[in-house]
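Using the hints, position chain B against chain A.
Protein chains: 2
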Amino acid sequence: MTDDPPSPALLPAGLSDLLPPEAEREAALVEAMVAVFGRHGYERVKPPLLEFEDSLFAGSGAALADQTFRLMDPVSQRMMGLRADTTPQVARIAATRLARTPRPLRLSYAGQVLRVRGTQLAPARQLPQAGIELIGPDLPEADAEVAAVAAEALAAIGIADPTLDITLPRLSPALLDAAGVEGEARRRLARALDRKDAAAVQALVREAGEAAHVLPGLLAAAGPAEGALAALEDAALPPAARAIADNAGAVIAALRARAPGLRITLDPVEFRGFRYHTGVAFTVFGAGATGEIARGGRYMSGEECATGMTLYPDALLRGVPPAPPRPRVFLAFGTDPALARALRAKGMATVAQLSPADTAQSLRCTHILDAAGTPRALKE
Amino acid sequence: MTDDPPSPALLPAGLSDLLPPEAEREAALVEAMVAVFGRHGYERVKPPLLEFEDSLFAGSGAALADQTFRLMDPVSQRMMGLRADTTPQVARIAATRLARTPRPLRLSYAGQVLRVRGTQLAPARQLPQAGIELIGPDLPEADAEVAAVAAEALAAIGIADPTLDITLPRLSPALLDAAGVEGEARRRLARALDRKDAAAVQALVREAGEAAHVLPGLLAAAGPAEGALAALEDAALPPAARAIADNAGAVIAALRARAPGLRITLDPVEFRGFRYHTGVAFTVFGAGATGEIARGGRYMSGEECATGMTLYPDALLRGVPPAPPRPRVFLAFGTDPALARALRAKGMATVAQLSPADTAQSLRCTHILDAAGTPRALKE
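Just so you know, the protein sequences line up as chains A and B, in that order. The numbering used here applies: residue 506 is where the first sequence begins, and numbers increase by one. The numbering used here applies: residue 506 is where the second sequence begins, and numbers increase by one.
Pulled out of the complex, with its shape left as it was, chain A reads as follows (with noise of 0.2 Å):
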């Protein structure tokens, strides 16, 4: 379609307008990928955009407090947020209106966030999201379900060799806090391990204790999971460090047998933006330079224990190559609207004549109908 660049002051910065044929395309992705959800038990709720911030930055949503637009709610004259995220709302959901439905709960959700302030890798400051949340269960099948259930997603709608990153953002702090690390070290070796600098995290250890000795082996370990899972193995890890290694391992278990196709990495140490999870957290990246296309893992919904996993159908239009567009047909006057209604049928568009002045190119049609009602597609 026709697309002048935009006045840079037309819209306020990281807010944008979809124009066709991306709009409908990613309303399709999103369909395609609640339907996924849809099958396998994930049923759709729709929180509003607008609640009490109480509410909002309760559990899980206080990670993005200061990234939400705050109302007063004239009504009430309570504030209320915009919300940045959904996860904290279906928490919400499960805790008070769906408080006696039998668990596990399967939910999904698709719709749009809201942020304060974007980034300079990531400017918008609307975002679509569509996810899934299985409440209830602390089962490492219950992480790998929701995983598989993305990676089947992803497939419908032609994201076909996805990598799933597994972090253990609990791995780390349960090193150092075996090892006596504290202070000032910690937040030095924290950073350390953030820029994955490892001539620097492995000076840092020799001054700690023995548990965090392993750390230096655990960050050249990230890489393909069976690889990352035998450092965990061979690695001399305290008790709750094994528990966390011997989780993740029961997770990458599950998930082979249910997606035996799907390229997993595991890095043991990273634990950066992952401040709410309790369990494995998990990014998945699409091939090539589509990036980060997901986010999820097991965190506290309320009260309860789930995991899920948030898909970014932004991000996501950029990973999927375009459908053909759609055959646009022109319907001159007095076309048959029989046959009209046969192409509609057919998943044409039939584009009708409102004035001797529309004309099949002025309509942007691709086709005409022949005298046999046949169409036949227009040269270029």
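Bear in mind the hints are in silico, worked out from the structure with no lab data behind them. Be aware that one or more of the hints could be misleading.
The following residues of chain A were derived to be distant from chain B, with all beta-carbon distances above 10 Å [said to hold, decoys possible]: (1) Leu569; (2) Asp590; (3) Ala615; (4) Gly754; (5) Tyr781; (6) Leu874.
The calculated label-pair distances, taken between Cβ atoms and stated as ranges, are [as the list claims (entries may be wrong)]: (7) A:Asp571 / B:Ser867: 36 to 44 Å; (8) B:Ile873 / A:Pro729: 36 to 44 Å; (9) A:Pro607 / B:Arg780: 50 to 58 Å; (10) A:Gly728 / B:Met584: 45 to 53 Å; (11) A:Phe838 / B:Asp666: 27 to 35 Å; (12) A:Pro765 / B:Ile873: 51 to 59 Å; (13) A:Asp841 / B:Asp666: 22 to 30 Å.
Here are some chain B residues the structure puts well away from chain A; computed CB gaps all over 10 Å [what the hints assert, rightly or not]: (14) Arg693; (15) Pro729; (16) Pro827; (17) Asp875.
Positions of the beta carbon are idealized from the N, C-alpha and C atoms, including for glycine.
Same frame as chain A, but now just chain B:
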């Protein structure tokens, strides 16, 4: 689904959660309608939820300025609004990024709008909208097309027998102008027409110029389109009013050609609530108590003529009979994944057992697999 009554303080007044199965039903209704729009050449756009109030309140948007949530943009320090209607945003897109796309321009949209306050009759403050805009032509055929396409979208979701009520918001003002009715007399007559108070209208037109003398007759003529058109035909109308009446006749004739079965009523002197309409205005009612399910008509999209229709999925959700629930098949441990895939491909949900505690009943399944792998319905 188990649905505990919500705590009244949980969500702000007029904001609510859609639970299973309603959230899925609403999304399905919206996508089915937008698909019909697409098959008539209406291409989807997705404007952001938030934009600068300057553009949001331009043109037809001014009517909703005091119903719009306003926010300071921390990035630009300018005021933004949460959209209370989508049509002004589509007008902005048409006038800017799609300014060079040939007219007629057919666009569709679907999304949420927010209002500062609900009314006693319509308490919701977040409303879904799905609609079409036909921008460029000032032709009765264009008005007829948007009404006929809307009716087809309603038929596609099972609203089989809607009534299209056409009003002519400029007719009464044209008659009062011609009759020289001004000031307090005009306000009183407008109020009487608003209330459909035939006796008061009769009394008030006695003191007015001759052009107003047709008002009682036209008030009484509201009803099936053909009768009301005949009354307009017979009435002694000044030229401006005659042009409005002739245009209404042409729109209705074009509609009869496109949608022969559609029930059409015409209320020539009604003009309440259509402040920015420049030609025919539409209200669509569902059968029974469903109430208003769509609104539209002719307006100015910036500097361009336009006509459009907005459908209300929340009202449609109440008017469409619920679909039969999707079968939920219990997947016990060890069920063949290929069998599960085949069931999902048939549209069933497969709900996996994650622990021995999960039973067909606790997972709210409707079917279990027999020894041959065939789903068997569970007794209620």
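Cross-check of the supplied hints:
Distance check on Leu569 of chain A: its Cβ is at least 15 Å (rounded) from any Cβ of chain B, clearing the 10 Å threshold; non-interface status holds. Against chain B, the non-interface label of Asp590 of chain A holds: every CB pair exceeds 10 Å, the least being about 15 Å. Chain B draws Ala615 of chain A into its interface by the beta-carbon criterion, the shortest separation being 7 Å against a cut-off of 10 Å. With a least beta-carbon separation of about 18 Å from chain B, Gly754 of chain A lies farther than 10 Å from that chain, consistent with its non-interface assignment.
With a least beta-carbon separation of about 22 Å from chain B, Tyr781 of chain A lies farther than 10 Å from that chain, consistent with its non-interface assignment. For Leu874 of chain A, the requirement that its beta carbon stay farther than 10 Å from each beta carbon of chain B is met, with the minimum near 14 Å. The supplied range of 36 to 44 Å is met by Asp571 of chain A and Ser867 of chain B, whose beta-carbon atoms lie about 40 Å from each other. For the pair Ile873 of chain B and Pro729 of chain A, the supplied restraint of 36 to 44 Å holds, since their beta-carbon distance comes to about 38 Å.
Between Pro607 of chain A and Arg780 of chain B the beta carbon distance is about 52 Å. The supplied range of 50 to 58 Å therefore holds. A C-beta distance of roughly 50 Å is found between Gly728 of chain A and Met584 of chain B, which places it inside the suggested range of 45 to 53 Å. With their beta carbons about 29 Å apart, Phe838 of chain A and Asp666 of chain B fall inside the hinted range of 27 to 35 Å. The hinted range of 51 to 59 Å is not satisfied by Pro765 of chain A and Ile873 of chain B, whose Cβ atoms lie roughly 26 Å apart.
Roughly 25 Å separates the CB atoms of Asp841 of chain A and Asp666 of chain B, a value that falls within the hinted 22 to 30 Å. Its beta-carbon lying about 33 Å from the closest one in chain A, Arg693 of chain B satisfies the requirement of being farther than 10 Å from that chain. Once the 10 Å rule is applied to beta carbons, Pro729 of chain B is consistent with being away from chain A; the minimum gap is 23 Å. For Pro827 of chain B, the requirement that its beta carbon stay farther than 10 Å from each beta carbon of chain A is met, with the minimum near 14 Å.
Every C-beta of chain A lies more than 10 Å from that of Asp875 of chain B, the closest at about 20 Å, which supports listing it as non-interface.
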